[in-house]
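Student: Residue strings, one per chain:
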Amino acid sequence: MTSLLIKNGFVFDPLNGVNGEKMDIAVENGKIVEKVNEAEAKIIDASGMVVMPGGVDIHAHIVGAKVNSGRLLRPEDHVKDVEPKTPVTRSGVGYSVPSTFTTGYRYARMGYTTVMDPAMPPLKARHTHEEFNDTPILDKATYPLLGDCWFVLEYLKQDRIEECAAYVAWMLKATKGYAIKLVNPGGLEAWGFGGNVRDIDDPVPNFGITPREIVRGLCKVNTLLNLPHTIHVHTNNLGKPGNYVTTLETMRCVEDLARDGKPVIHITHCQFSAFAGDDWRTFDSGTEPIIKYVNAHSHVTLDMGQVVFTDTTTMTADGPFQFLLYELSGNKWVNSDVETETCSGIVPFQYRRKSFVHSMQWSIAMELALLIQDPWKIFLTTDHPNAGPFTHYPRIISWLMSRKAREKILERVNKKTLRKSLVPTIDREYTLHDIAVVTRAGQAKALGLKSKGHLGIGADADIAIYALNPETTDLSRKPATVRKAFERAAYTIKDGNIVVKNGEVVNAPMGRTFWLNVDAPKAEIEISKILQQKFAEYYTVSYQNYPVPEDYLAVSAPIHVKAEVE
Amino acid sequence: MTIIKLAPKRAFKTPVNAQTITPDAFQEKTMSEIAELHVWEGNRRRKLGELFHISEEKTAGSESLRIEVSGDLRKVRWIGAKMTTGEIIINGDVGMHLGEEMEGGKITVNGNAEAWLGSMMHGGTIEVKGNAGDYVASAYRGSTRGMNGGKIIIHGNVGNDAGNAMRKGVIIVHGNAGQFAGVNMHDGAILIKGNCEGRMGADMHGGKIVVCGHVKSVLPSFTIEAVRKRVKFEGEPVEGPFYLFLGDLNTKGKGKLFIAKNPNQHLSFYEKLL
Chain A
4 MTSLLIKNGF VFDPLNGVNG EKMDIAVENG KIVEKVNEAE AKIIDASGMV VMPGGVDIHA
64 HIVGAKVNSG RLLRPEDHVK DVEPKTPVTR SGVGYSVPST FTTGYRYARM GYTTVMDPAM
124 PPLKARHTHE EFNDTPILDK ATYPLLGDCW FVLEYLKQDR IEECAAYVAW MLKATKGYAI
184 KLVNPGGLEA WGFGGNVRDI DDPVPNFGIT PREIVRGLCK VNTLLNLPHT IHVHTNNLGK
244 PGNYVTTLET MRCVEDLARD GKPVIHITHC QFSAFAGDDW RTFDSGTEPI IKYVNAHSHV
304 TLDMGQVVFT DTTTMTADGP FQFLLYELSG NKWVNSDVET ETCSGIVPFQ YRRKSFVHSM
364 QWSIAMELAL LIQDPWKIFL TTDHPNAGPF THYPRIISWL MSRKAREKIL ERVNKKTLRK
424 SLVPTIDREY TLHDIAVVTR AGQAKALGLK SKGHLGIGAD ADIAIYALNP ETTDLSRKPA
484 TVRKAFERAA YTIKDGNIVV KNGEVVNAPM GRTFWLNVDA PKAEIEISKI LQQKFAEYYT
544 VSYQNYPVPE DYLAVSAPIH VKAEVE
Chain B
1426 MTIIKLAPKR AFKTPVNAQT ITPDAFQEKT MSEIAELHVW EGNRRRKLGE LFHISEEKTA
1486 GSESLRIEVS GDLRKVRWIG AKMTTGEIII NGDVGMHLGE EMEGGKITVN GNAEAWLGSM
1546 MHGGTIEVKG NAGDYVASAY RGSTRGMNGG KIIIHGNVGN DAGNAMRKGV IIVHGNAGQF
1606 AGVNMHDGAI LIKGNCEGRM GADMHGGKIV VCGHVKSVLP SFTIEAVRKR VKFEGEPVEG
1666 PFYLFLGDLN TKGKGKLFIA KNPNQHLSFY EKLL
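Those protein sequence lines, which keep their order, are chains A and B. Count along the first sequence from 1, add 3, and you get the number used in my numbering. Count along the second sequence from 1, add 1425, and you get the number used in my numbering.
In short, the hints are calculated from the structure, not lab data. Computed from a prediction, not measured in an experiment: that's the story for all the values here. Watch out, some of these pointers could steer you wrong.
Claimed, not checked - So the derived label-pair ranges between C-beta atoms look like this: (1) Arg1471(B) with Ile429(A): 48 to 58 Å; (2) Gly1638(B) with Asn136(A): 52 to 62 Å; (3) Thr1455(B) with Asp137(A): 41 to 51 Å; (4) Asn136(A) with Thr1510(B): 48 to 58 Å; (5) Met513(A) with Met1426(B): 56 to 66 Å; (6) Ser559(A) with Leu1674(B): 50 to 60 Å; (7) Gly459(A) with Gln1452(B): 27 to 37 Å; (8) Asn334(A) with Glu1696(B): 35 to 45 Å.
Ideal placement from N, C-alpha and C gives every residue a C-beta, glycine not left out.
With the hints as extra help, turn the sequences into a complete structure.
Tutor: Below you can see the structure in the form of structure tokens.
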């Protein structure tokens, strides 16, 4: 493999404390190294450009059964966005639910190299990995949905945390997953019988366990197993006015489980969970108490779920919420139940500037991002494609970096929003360093990906170079320049290979699929007999056929984790 | 007036994507520049001049542009797509997607038109002297945004799904219509002077459908409201009498469905419910 030398760029590497200093980055054999032989190395002149680690996305629905149903549901989404093939890339379609190859190319064009798919029904693991195998360039991983799984509910009901941990360890290996995902814990199980849970202390029918016990239980399991990421939680009551109370309760309920000030819970697409008001007419922003809480505590990380005013496709495992959305919008919809595990739903949705609720949602996400002081606690996402397609990230970056850009949006939103929103009063503008944190370093740190999100020696050579000169450009006054630079990376380098040059894909190698190989042998053998018996009782798939074999993954990258359970 | 005449040089076997045959694309171009415009024949990229004879005629009067296309155009699709101004006259039968997403101007077809005529159009007028195929003024597959303005007049018959997901505008059919006229319609008006095969206005949210001829039945999700002597269509009265149905109740719709009383004596049992 050839070596690379990136010269004279303004380097932003927050994890190593580098803030816009002019320096050279050397790459050899796909890793960042101290120095290379300049005569042999390929030189990239990055003078007047910004050099950052490759982007990391902690939460984007890019693959899987539900995404694919979304593709089938939306031919009208594809017809307006067609990509012809090039000598290097395949053709593809899709605006809000792009086809797998197009997803890989578009992320790479924006300088992103690692993306996490956040919701895999364990039963659909094979489908998810098949689509991963067709998603080029990116390194990726997926989080199995475990918050409504019957086994988990049963173990937690009986307070058998260690056995639950053994089950989760087996599940992560069987589905080749990366973290524990909880979606509306308990609510999805209730939705199987047409119900839902009202709040965090409302017991789940047939199990008699509350969402609070599920969140706490899986949080303990996460700690026992030493998993690199925290539990990844989509809260109860998501998308309902007044739900900020539930969000606060969810964050509080694991406060005592935190150790050494490290995060133990990630509240995802927090915008959807920060609504105040009693109904849609009295709808309001509930960000203030959440921001106060997050600023005062270190055990929580969030991501934004920023709304973009566009036509998109909402899809989550939260079946009852999707049904609510169908009733609100009257659009076509899909809802499905996944045996004993979870459910899911899809509804196309259009966010409109002139709608009070939609523009308030825009404002809520902005308030969260701008008023939470520590950028290491909040990350940039749109919960692709729920609040907007990931291709709008550069636009969001320009909003975060420029008050002027935000004012321009506010000029055109609903007048009632203008009165209620806190955004016009906020002066804060993100620096490039903050942007590097919320788009890569912070996310990599929260995910526990040691070789991602930074440019230190030994890190994976995933590098993004943007044609943006912070010395000569006033970034806060030129949001369009910022947006354009982040839309089309001057270079994206993946594992030491140049994959994108001047916004065009020039090489499309296959990225890795990370999964956790959790070492908890003794406990696992103990539960395996019980599992076999229960599989025969509960599942349409046999215990032997359930796990995804490692050779099913195009490029398998297991991460070994030593659990604390024996 | 400038008249540009086109005629196919040969019979086409594969579909020709002729989005460039619009007054907008021809405007302020010389004949040689027009001949250089790109069209697709199947998966081959061709020049307009390779496939069509092109000639120009200038007459006194206004400066407007008229395109006349004559011959067998059944394989030629997307003529007049997205046009905003000018006029197109087609002598012969024409292929699918004529005037798709057009915003202004006028298209006249002296012959028949195939499916997707004027789909998603926003403005302008299309007049077809013969018949039209399915999905007239319809939305793209899966979309709920159909015709959003303008006017379509068809002197012959239309196929199924005319006015699918229509939002605004007018469709007048002098002949008969197939099934599902005005399906998923939100607003706008459809007048069918002939018979209709049935299931008119399924899933409609709003708008108006008038059928002057025979219909086999009305969907059970419509409820009878009144008997009207006449109905206003584009400000002009259409003499009846008509049964007025409201629906589609499946979607809590407020659409109006007028069915002529005289040719539909078999629907008289509805009067008992009034």
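Student: Hint by hint, say whether it matches the structure.
Tutor: Each hint, compared with the structure:
Hint check: Arg1471(B) to Ile429(A), Cβ distance near 56 Å, so the stated range 48 to 58 Å holds. For Gly1638(B) paired with Asn136(A), a C-beta distance near 57 Å keeps the hint of 52 to 62 Å intact. Separated by about 48 Å at the C-beta atoms, Thr1455(B) and Asp137(A) satisfy the suggested range of 41 to 51 Å. Roughly 50 Å separates the CB atoms of Asn136(A) and Thr1510(B), a value that falls within the hinted 48 to 58 Å.
In this structure the supplied range 56 to 66 Å holds for Met513(A) paired with Met1426(B), their Cβ-Cβ distance being about 60 Å. About 55 Å separates the C-beta atoms of Ser559(A) and Leu1674(B), a value consistent with the hinted range of 50 to 60 Å. At about 60 Å, the beta-carbon gap between Gly459(A) and Gln1452(B) misses the expected band of 27 to 37 Å. Roughly 37 Å separates the CB atoms of Asn334(A) and Glu1696(B), a value that falls within the hinted 35 to 45 Å.
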